[in-house]
Amino acid sequence: MKIHSQTEKLEFVRTFISEAAQQFGFDEDSVQNIVLAVDEACTNIIKHSYEYASNKDIDIRIMTDDHRFEIIITHQGKPFDPKSVEIPDMPAYLASYRKGGLGMYIMRAMMDEIEYKKLPNNITEVHLIKYLRNKISR
Amino acid sequence: MQIKEKMENDVAVLTLKGDLLGEPDTSKVKDKIHSLVGDDVKKVVIDLGGVNYLNSSGLGTLIAALTTTRNAGGDLRLARVGDKVKNLFVITQLVKVFDTYETVERALSSFKTKP
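Keeping their order, the protein sequence lines are chains A and B.
Going by the numbering used here, 85 is the number at position 85 of the first sequence; the sequence numbering is gapless.
Going by the numbering used here, 45 is the number at position 45 of the second sequence; the sequence numbering is gapless.
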């Protein structure tokens with residue numbers, strides 16, 4: 001699916017991801033975690049890569065393979081590598097009542113793998129991957 | 001998102017209904033907290049029973065609200081945190097930062113036993 005870079009559009013993304021993750025076989029908690037990770041990734045793109053420009057495109061695709069559920073989010077905004085953000089020690093971080101950086105923490109906590117790819121023509125892909133542990137092979 | 005406010009003695013109870021995902025809702029909550037603290041109401045209970053979905057912006061707003069009330073010499077306590085939101089609190093370890101209660105009444109009582 002494709003959306004414009006507006007946080008109001010994330011509702012459609014949440015529904016799209018939720019339905020696909022459910023259909024793939026994830027339980028309710030895992031579905032919620034995946035939806036939240038995608039929500040955070042898209043929010044980061046809108047805020048940091050597109051700097052709130054509302055007419056830019058974000059493309060979201062899902063690829064599945066056996067136990068692997070992968071969401072690929074493509075944009076042409078400023079490159080942003082989630083791995084470049086240092087993950088804070090949460091108790092110390094929260095004791096100081098800071099509030100930034102939580103989105104990245106949530107993304108990494110919710111998914112099994114996060115990959116970042118910089119492609120030609122200023123295209124950036126964020127790959128969010130989750131494995132279904134108990135999927136019965138058919 | 002809707003915010004309902006009710007005073008119980010010197011404690012404000014804010015009941016949130018809807019999702020807390022970003023602007024303009026996050027500003028509504030922040031403005032409400034600042035307004036209460038400005039009126040010298042420093043003890044606040046936020047009833048999250050009507051909130052199904054929260055993301056990092058929503059969590060950040062709650063952290064900001066906690067900071068504002070504690071810096072003013074008061075506190076913020078949470079009531080009726082639903083399973084989905086609780087899951088997020090556990091993952092982000094916010095359970096260690098916020099005092100949470102099963103009911104609004106218990107959250108209110110906590111201010112008597114632990115002002």
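It should be emphasised that the hints constitute simulated quantities derived from the structure, not laboratory data.
A few of these clues could be false.
As the list claims (entries may be wrong) - Per label pair, the in silico range of CB-to-CB distance:
| no. | chain 1 | residue 1 | chain 2 | residue 2 | range |
| --- | --- | --- | --- | --- | --- |
| 1 | A | 117 | B | 40 | 47 to 57 Å |
| 2 | A | 22 | B | 95 | 24 to 34 Å |
| 3 | B | 91 | A | 125 | 44 to 54 Å |
| 4 | A | 57 | B | 70 | 41 to 51 Å |
| 5 | A | 48 | B | 28 | 40 to 50 Å |
| 6 | B | 82 | A | 133 | 43 to 53 Å |
| 7 | B | 102 | A | 123 | 30 to 40 Å |
| 8 | A | 123 | B | 23 | 47 to 57 Å |
| 9 | A | 133 | B | 83 | 33 to 43 Å |
| 10 | B | 34 | A | 129 | 39 to 49 Å |
Even for Gly, the Cβ is constructed at its ideal location relative to N, Cα and C.
So, going through the hints one by one against the coordinates:
{"no.": "1", "hint": "117/A with 40/B: 47 to 57 Å", "verdict": "holds (53 Å)"}
{"no.": "2", "hint": "22/A with 95/B: 24 to 34 Å", "verdict": "holds (27 Å)"}
{"no.": "3", "hint": "91/B with 125/A: 44 to 54 Å", "verdict": "violated (25 Å)"}
{"no.": "4", "hint": "57/A with 70/B: 41 to 51 Å", "verdict": "holds (42 Å)"}
{"no.": "5", "hint": "48/A with 28/B: 40 to 50 Å", "verdict": "violated (24 Å)"}
{"no.": "6", "hint": "82/B with 133/A: 43 to 53 Å", "verdict": "violated (25 Å)"}
{"no.": "7", "hint": "102/B with 123/A: 30 to 40 Å", "verdict": "violated (49 Å)"}
{"no.": "8", "hint": "123/A with 23/B: 47 to 57 Å", "verdict": "violated (28 Å)"}
{"no.": "9", "hint": "133/A with 83/B: 33 to 43 Å", "verdict": "violated (21 Å)"}
{"no.": "10", "hint": "34/B with 129/A: 39 to 49 Å", "verdict": "holds (41 Å)"}
Hint compliance for this structure: hints 3, 5, 6, 7, 8 and 9 are not met, and every other hint is.
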